[in-house]
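Participant: Sequence:
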Amino acid sequence: MNTQNTNSVTHYNCFHLLIVVVLLIIIAFLTAIPKNNGLLHKRIEQDRQNVLDDCRYIYIDLGTNIGIQIRKLYEPKLYPNSPVLPLFQKIFGNHSAQVCSVGFEANPIHTAYLKKFEKYCWQRNWKVKIYTSTAVSTIDGNVTFFTSWGQERHYDSGASLSFHKRKKNVTIQAIDLVSWWKREIHNRKRPPGSPASRIMMKSDIEGHDMTVISHLILHGIYCSIDLIYGEHISKVYKESIKTIQRHSTSCKAELILLDDERYNTQKLPFRI
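According to our numbering, the sequence shown is numbered sequentially starting from 1196.
Worth double-checking, as some hints may not be accurate.
Said to hold, decoys possible - Straight line, CA to CA, 35 Å or less: simulated DSBU-like cross-link-like pairs of lysine-lysine:
#1 Lys1377 to Lys1437
#2 Lys1310 to Lys1322
#3 Lys1363 to Lys1285
#4 Lys1447 to Lys1324
Unchecked claim - Derived CB-CB ranges, DEER-like:
#5 Lys1285 to Glu1434: 43 to 49 Å
#6 Ile1451 to Asp1248: 33 to 39 Å
#7 Asn1276 to Lys1363: 21 to 27 Å
#8 Pro1386 to His1414: 33 to 39 Å
#9 His1414 to Glu1449: 15 to 21 Å
To be clear, the hints were calculated from the coordinates, so they are not data collected in a lab. Quantities reported herein were computed from a predicted structural model and do not represent experimental measurements. Even for Gly, the Cβ is constructed at its ideal location relative to N, Cα and C.
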């Protein structure tokens, strides 16, 4: 009986490991994205003054929409009882004003509002950079994004990179998250003797989350993140990562399934 139980556990763990391996292999097929990335490189050069320089606390927001999760970080009193607030407290403590935030939003519908929000943050002395009309991917290039123009008042939450015959398509830039991470986070300027970083990331990129997270694992970045949360992460995938982490003594990352949609459609006034 004990032998049967042991075999069952072994098969269970092997299954989870297989899932992760398959997800990593999928990454190779994403290289079919066209490499017309001259505009992206030009844009990166324009952003060479790294907003993350000298930052100890970092929040990365994949799938920013209208920036509500970022605003919850800096103004939690405006969003009482939001499920994400205890996570912010866990990672950043009482240092939210010192957190540097970077968001990525693919949907062009939100660009104008996000530019206003970013300006508001800087007026409040919060270091925030939002990449608008930019999809998070495993490679730099251009991708087709499907959105519903005219649905701004509904925040077009169903827009995505997946084909939809009833939605309009637009070409946007895709950014290789690993390359960006190495350049902007790993290589950011830090004073000698600085305390260890505290990094938190949200992933809400409409079903592409597990591919991008696997990309971070493959390139050794995942374990440098303290906490990752999102809704488009399967329980099997989460358990597979736990299986891998059990064989590591240095991987601190915590992956949490969380769908915090509270207040997502509320555009509160920007008051300085």
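Participant: Which earlier hints turn out false for this structure, listed by number in ascending order?
Facilitator: Hints 3, 5, 6, 7 and 8 are the ones this structure does not satisfy, whereas the remaining hints hold.
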